[in-house]
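Undergrad: Chain by chain, the residues:
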Amino acid sequence: MTRSNDGRDRLVALMDALAEHTATLSDREILDDTIAAGVDAKAEAGRVRKGLADALLGAKKQRLQTAAAAHEKTVQALNERVARLPASPESRRGLLDRIVLRQPEMRQTVVTLQHRDFQSFSDADIESALRQLDALGLIDQDLAENE
Amino acid sequence: MSKETGLEHATDSEVEAGIRALSDADALRLRRVADYRARMLVGLGLGMGAEDLLQEAICRSVSGKADRRRWSKKVSFVKHLMETMRSIANHAPDELKGGTVVAVGSNDAAGESEGVVLTSTTPDGLRVAAINEQIAVIAARFADDDEVGLVLEGLANGMKGPEIQQDLGITETQYETIMVRLRRGVDREAGWTL
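As you go down the protein sequences, you meet chains A and B in turn.
Under the numbering used here, think of the first position of the first sequence as 12, with each following residue one higher.
Under the numbering used here, think of the first position of the second sequence as 177, with each following residue one higher.
Only chain A is shown next, with the shape it has when bound in the complex (with noise of 0.2 Å):
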């Protein structure tokens, strides 16, 4: 137990205290004392509805904006990994080729990506792969000696 003589512990106490009163009382205490105190129980209680409604959907907004916002900075990232490689589809084959030289392992990493033969990618085959290794923070090293 502590003793406070200071005005706002005590008023915080009684507040807690009367809100915890609050919600024990039944119905019929509930809507007689909104209605001994003048107010439209019916209309009150829309209000309070219509405000939590509306509270919800701002959240789900918020968090639907939250989302986009992400989203467009994971698409700007990627976007700005695109950049780093190589303009020419000679200049992609070709860095694509020393990675796999300098880390043979990468060659079924890469083989696996694409699903098919090696030999056989397109430059298509070739822009994607190094898009995917990018993304995933393979090629860094690779990609820094290129330019």
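Don't take each hint at face value.
To be verified - Just the calculated beta-carbon pair ranges, DEER-fashion: (1) A:Pro115 <-> B:Ser189: 48 to 54 Å; (2) A:Ala48 <-> B:Glu352: 42 to 48 Å; (3) B:Ser199 <-> A:Leu75: 27 to 33 Å; (4) A:Lys61 <-> B:Leu326: 55 to 61 Å; (5) A:Ala54 <-> B:Leu326: 34 to 40 Å; (6) B:Ser199 <-> A:Glu91: 52 to 58 Å.
Derived from the structure by calculation, the hints contain no laboratory data.
Yeah, the Cβ is synthetic: ideal placement off N, Cα and C, and Gly gets one too.
Chain A is already provided as a structure; the job is to place chain B on it using the hints.
TA: Showing chain B alone in chain A's frame:
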């Protein structure tokens, strides 16, 4: 219904249905409890109205933030919201160590969902004076009601209902009757109606 850490939590749609299904009495009960909890926050030097507190409770029920309090459907929706409001009010002082808490409703610099801004952590002279005046008004209102006066004293001493009943040697029913007088008197005197 979504599952998280073994507990079953309501989906957004279920929260929406919970709001729609609130009876008039439950909606009014929530508003009254929010009113008292908001005044707890005022007592702590924080600016947050009853409606803000209700909205904050809903937002924490569905937000993806770490401070969320999802609705476990093991308890009623009304009880969940009342507990969430109590949690917000009780934890506000801890959250305010830095000076300002951003709750639900506004955007931070990263555009992420945050909320109503709780401010004013340091009691200033005017606010302390206003609180003391409120307490004085309430005390004066019950100057001729010894029973309410004793309950007020017990609450100020940090006692809860059962302790006060034991201390005063009264039954639960008698205590409830005194609390009704206290509640109605406080509401009437302070003009704290809906």
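Undergrad: Decide, hint by hint, whether the structure agrees.
TA: Hints, verified against the model:
no.	hint	verdict
1	A:Pro115 <-> B:Ser189: 48 to 54 Å	53 Å, holds
2	A:Ala48 <-> B:Glu352: 42 to 48 Å	20 Å, violated
3	B:Ser199 <-> A:Leu75: 27 to 33 Å	31 Å, holds
4	A:Lys61 <-> B:Leu326: 55 to 61 Å	41 Å, violated
5	A:Ala54 <-> B:Leu326: 34 to 40 Å	38 Å, holds
6	B:Ser199 <-> A:Glu91: 52 to 58 Å	54 Å, holds
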